[in-house]
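Enquirer: What follows is each chain in one-letter form.
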Amino acid sequence: MRSSTGTGTVPRERGRVTGGVGDSARRPDGAPKVDGSFAFSSDLWADDMLWGRTLRSPHPSARIRSVDVERARRIDGVVAVVTADDVPGSPCFGLEHRDQPVFAHDVVRFHGEPVAAVAAVHPEIAARACEAIEVDYAELDPLLDPEAAIDADPIHPDGNVVRHLRIRHGDVDAGGDVTVEGTYELGMQDQAFMGPESGLAIPDDAGGVDLYISTQWLHVDRDQVAACLGLPTEQVRLTLSGVGGAFGAREDVSLQVHVCLLALRTGRPVKMLYSREESFLGHVHRHPGRLWYRHHATADGDLVKVEARIVLDGGAYASSSSAVIANASCFAAGPYRMPNATVDGYVVRTNNPPCGAMRGFGAVQACFGYEAQMDKLAAALGVDPVELRLRNALAPGDSLITGQVIRGTAPVREVIEAARAHPLPPDPDGRPEVLLPGGTGLTASRGDVRRGVGFAVGFKNVAYSEGFDDYATASVRLEEGVDGEPVATVHSAAAEVGQGLVTLAQQVVRTELGVERVILRPADTSIGSAGSSSASRQAWMTGGAVQAACNAVKETLLRRVAGAHGVDVEGARRQLLVVRDGWVTHVEGDLRLSLVEALDGRPVEQVSVYRHAPTTPLDPDGQGDAHVAFVFAAHRAVVDVDQELGLIRVLQVATGQDVGRALNPVQVTGQIEGGIAQGVGLAVMEEVVMDDGRVRNASFVDYLIPTALDMPEVAATLVEQPEPGAPFGAKGVGEPPTISSTAAVVAAVRDATGLELRRVPIRPEHIALAAGSGADGT
Amino acid sequence: MSDVDGPADPPSGPADALGALGGESESYTLTVNGRSASVPAGWLGESLLWVLRERLGLPGSKNACEEGECGSCSVFLDGLLVCACCVLAADAVDAGIVTVEGLAGEDELSDVQHSFVDSGAVQCGFCTPGLVIAVHDLLDRNPDPTELEVREAISGNLCRCTGYGRILEAVRVVRRERAGA
Chain W
1 MRSSTGTGTV
11 PRERGRVTGG
21 VGDSARRPDG
31 APKVDGSFAF
41 SSDLWADDML
51 WGRTLRSPHP
61 SARIRSVDVE
71 RARRIDGVVA
81 VVTADDVPGS
91 PCFGLEHRDQ
101 PVFAHDVVRF
111 HGEPVAAVAA
121 VHPEIAARAC
131 EAIEVDYAEL
141 DPLLDPEAAI
151 DADPIHPDGN
161 VVRHLRIRHG
171 DVDAGGDVTV
181 EGTYELGMQD
191 QAFMGPESGL
201 AIPDDAGGVD
211 LYISTQWLHV
221 DRDQVAACLG
231 LPTEQVRLTL
241 SGVGGAFGAR
251 EDVSLQVHVC
261 LLALRTGRPV
271 KMLYSREESF
281 LGHVHRHPGR
291 LWYRHHATAD
301 GDLVKVEARI
311 VLDGGAYASS
321 SSAVIANASC
331 FAAGPYRMPN
341 ATVDGYVVRT
351 NNPPCGAMRG
361 FGAVQACFGY
371 EAQMDKLAAA
381 LGVDPVELRL
391 RNALAPGDSL
401 ITGQVIRGTA
411 PVREVIEAAR
421 AHPLPPDPDG
431 RPEVLLPGGT
441 GLTASRGDVR
451 RGVGFAVGFK
461 NVAYSEGFDD
471 YATASVRLEE
481 GVDGEPVATV
491 HSAAAEVGQG
501 LVTLAQQVVR
511 TELGVERVIL
521 RPADTSIGSA
531 GSSSASRQAW
541 MTGGAVQAAC
551 NAVKETLLRR
561 VAGAHGVDVE
571 GARRQLLVVR
581 DGWVTHVEGD
591 LRLSLVEALD
601 GRPVEQVSVY
611 RHAPTTPLDP
621 DGQGDAHVAF
631 VFAAHRAVVD
641 VDQELGLIRV
651 LQVATGQDVG
661 RALNPVQVTG
671 QIEGGIAQGV
681 GLAVMEEVVM
691 DDGRVRNASF
701 VDYLIPTALD
711 MPEVAATLVE
721 QPEPGAPFGA
731 KGVGEPPTIS
741 STAAVVAAVR
751 DATGLELRRV
761 PIRPEHIALA
771 AGSGADGT
Chain D
779 MSDVDGPADP
789 PSGPADALGA
799 LGGESESYTL
809 TVNGRSASVP
819 AGWLGESLLW
829 VLRERLGLPG
839 SKNACEEGEC
849 GSCSVFLDGL
859 LVCACCVLAA
869 DAVDAGIVTV
879 EGLAGEDELS
889 DVQHSFVDSG
899 AVQCGFCTPG
909 LVIAVHDLLD
919 RNPDPTELEV
929 REAISGNLCR
939 CTGYGRILEA
949 VRVVRRERAG
959 A
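Quick note, the sequences are listed as chains W and D, same order. Counting from 1, one number per residue, gives the positions in the first sequence under my numbering. Counting from 779, one number per residue, gives the positions in the second sequence under my numbering.
None of the hints are false.
Footprint (simulated), chain D over chain W, 3 or more residues, beta carbon under 8 angstroms: (1) 430-444; (2) 489-502; (3) 673-680; (4) 705-719.
Non-contacting residues of chain D with respect to chain W, defined by C-beta distances greater than 10 angstroms in every case (computed): (5) 857; (6) 859; (7) 872; (8) 954.
Quick caveat, the hints were computed from the structure, so don't treat them as lab data. Note that CB positions come from ideal geometry on N, CA and C, so glycine has one too.
Please build the complete structure, drawing on both the sequences and the hints.
Expert: See below:
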């Protein structure tokens, strides 16, 4: 275990090269990002470029009687207007189900659904052209209640229930001495990355197109774009351009098909760049959910059974909903031994905005429910809530409610104890008034401020599950640089979205090959897929692919050296010739060559594909070894609450996080702090507010994310237990900070107020109007 | 003539098309990072952010909200910290404009920029140029800010990746360095 102050380092494994695995190596893109020269997708520009713009439905549900683009087309400076009739290939796209139209044709199913797109010489002209498109809508009653959607008339040919996942584990009739029950709700959270969706499409001379795009997974974008354009995949080439954050919102196609279609239609480069408002309408959100739970336990505090009914609102189209409900259901019991379980998870289609991936991916919703239940259970049993968690904490060898036995590490007890061990912040009495809830508004009376402390633990899977063929591809080239020093070049399609994969790729190569200088080629589709930068998987998967490619390079180089120098490397003797610290050395002999000498003027390049251990689908009872590994984290939140005004200040979040092994401690710390910020946001401020199917707050004026003044102190401990089978023992760190931090903050507010607080984000009225009224603060 | 590299002409076609927008400006000159840059005739409604990014080839100032909420487009206008998205470009004539590209010499980084890189304050980097400008503004006005003053000073700059922890650390480092400690 190590305290994460941002300066900690792991002793280097191999002496000579700095910046290897375990070092807090600096980002290779750090300097261009601080001096403004780093090219984000929104910064791209091409000669003769046009600007694209999307027309979106103002209605959540309507029949389209007609679309008249003639007036728009006649506007000076407008070069093309396209609608559903102009899509040459598949009319629909989608991550798991191709159920979402490129442009709405006969009906619109959510507020913001694209209906047409325009290319013009100036973005303002494109915007005015969109206003000039005449769409005749016949409004329909939108289906907005996800519970009602289960049995309602389908709003899509594929039906309303995208997936019902049923888990039956152990004795479904088992009961305990004590039961607690509750219903919990989460609003719709937005990823709110800073860099809005943008891309530049450049047509070639042969009917194909190059797309420069910010995305999380180039290859699935390519496949969907090619299908919709009716082109073979070779004619659609994608290159990653600078990505201004992702957090799940770039897993789905947004403007990719539109911008390519406009480029092919006009024969000119076309750039699309969403405004913030359009960004809120144009990407998927975190699923809102309603979760009913009943927990059973013995009088001694051993968990006996969980019953849960989880309903997530997937919005109008499927996106990754079926995987999100799988996570919410598989992890519905939390990181606790739970011998019996009955879980029914539903994700349904409504006329709300489509929901899909966001950091935590279903595990966040479940955690908010089961952790509230654990506190209720502790209260019913009259025991300390942290002790109840420790008593039931999962450990290696235990099984989940899916019947899967945990074969890897599961330091649940350790993360709980690490979070609890951090000192609590000082009492509120001495704090300056601006640090009380309400901040510089100075609205709080000191006497009304109550301190609360809450605890929560969460977990989820790493990488893809349920039998998905999850792999990553990378190539490594080793050669002599112009300065006579060895240089390695890494190529992969993995998306750097801010998380620091570019740093890790360099660190892996430095450690494996002993080469200081590591160049990263731009990520593109000229190499095989790396999978998505999601599910906390790239450190493991692309880290593994880069490591494997390094090993293949070493093998090739050593065989070459063996041949050139007459070294016997057959059978076990192969182990005697090694690459170490940038030298090729024969353990038994005098041979010692620098890498450059070993290369002898001929570069070595190898491509490797890495797969994690296979997983299996879930059976009809939701049983199976569906996940490859699990990550755990615990959070303890401390809040001050002004009960009179219902205002909350989150003072501190302490955490213990299971990281396997910290490959770059400063970057891990950054992931933890950033993930906790998003968890705090969901707890106390962040919600896409829906009003009769329409988004009411599509801006940073109205959708609030934590500022530096909102953000609490974070005290983090990295729990390092290397994961067997994972490259370097590292587990992936992006999501755990977001899973249980929300639940911990709400638990702290409950502790301060005594209110039940069944919904996030907590709004001031949930506290101010409940206090003293006998209500429970819904 | 412009002496700033970049797309000198508007990335647009016929001037009469732009005229259709109403309110066409004459060409004018801005002073950016100590150099004068000529802005050809264009739509009068163009923001300073748009002109910097799209007409003068200075895309370092970012466009995350275009309504003054996120601070990603922060620049100095006659030494004053402003959101370039909320300033009409034509209003910035006669003012000295400093963008993130002008904080240090060619191929150099300022102390704040160095510290951001070394402290792990950069993740996706979209908010970074605005934050770097805001931190320069703070430390030039107040070399010894309290933690609360730092948080207040950067509270107009939204960051979604970092939770601000490493950014606050980067500011601490510069404050110590400037104090000679």
